[in-house]
Amino acid sequence: METFFLYSAVFLTIIIAVPIIRVIKGPTVFDRLLATNAIATKTIVLICLIGFIFDRVDMFLDITLAYAILGFIGSLMIAKYLTSEAKKRGEAK
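Take 15 as the starting number for the sequence shown in my numbering and just add one per residue.
Don't read these hints as lab results, they were simulated from the structure.
Worth double-checking, as some hints may not be accurate.
To be verified - Simulated pairs of lysine-lysine, DSSO-like, Cα-Cα distance not exceeding 30 Å:
1) 101 / 39
2) 39 / 94
3) 39 / 56
4) 56 / 94
5) 56 / 102
Only a predicted model underlies this, so the values are computations on that prediction, with no experimental measurement involved.
Whenever a hint applies, use it, and build me the whole structure from the sequences.
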């Protein structure tokens, strides 16, 4: 079972690399924000898998929850900043 989790973690690490292209080449800031959220979501799953691999799910679950909360708050702050900047320039209603 441990090899399954290990292969899953390697596969998930490869899958995390896909949104990195969107972060680098994204045509808009919002595309980059969505790609960053996708990376964060996959990283949360990867941290849980690492917890299963090391048989310390309780500790890694706490780390995952903290990471998820910080990622959510960060996304909200970036969206709020972008909205306020758009209002200053008269682009948003």
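Checking one constraint from the list: CA of residue 39 to CA of residue 94, max 30 Å. Satisfied? holds, 22 Å
Mind checking the alpha carbons of residue 56 and residue 102 for me, to see if they're no more than 30 Å apart? Answer violated: residue 56 to residue 102 is near 34 Å, above 30 Å.
Given the hinted pair residue 101 and residue 39, is their alpha-carbon gap at most 30 Å? Status holds; Cα separation ~25 Å.
Given the hinted pair residue 56 and residue 94, is their Cα-Cα distance within 30 Å? Holds - the C-alpha atoms of residue 94 and residue 56 are around 24 Å apart, at most 30 Å.
Does residue 56 sit within 30 Å of residue 39, going by the straight-line distance between their CA atoms? This hinted pair holds, its Cα atoms lying about 20 Å apart.
The structure is inconsistent with hint 5 alone, although it conforms to all the rest.
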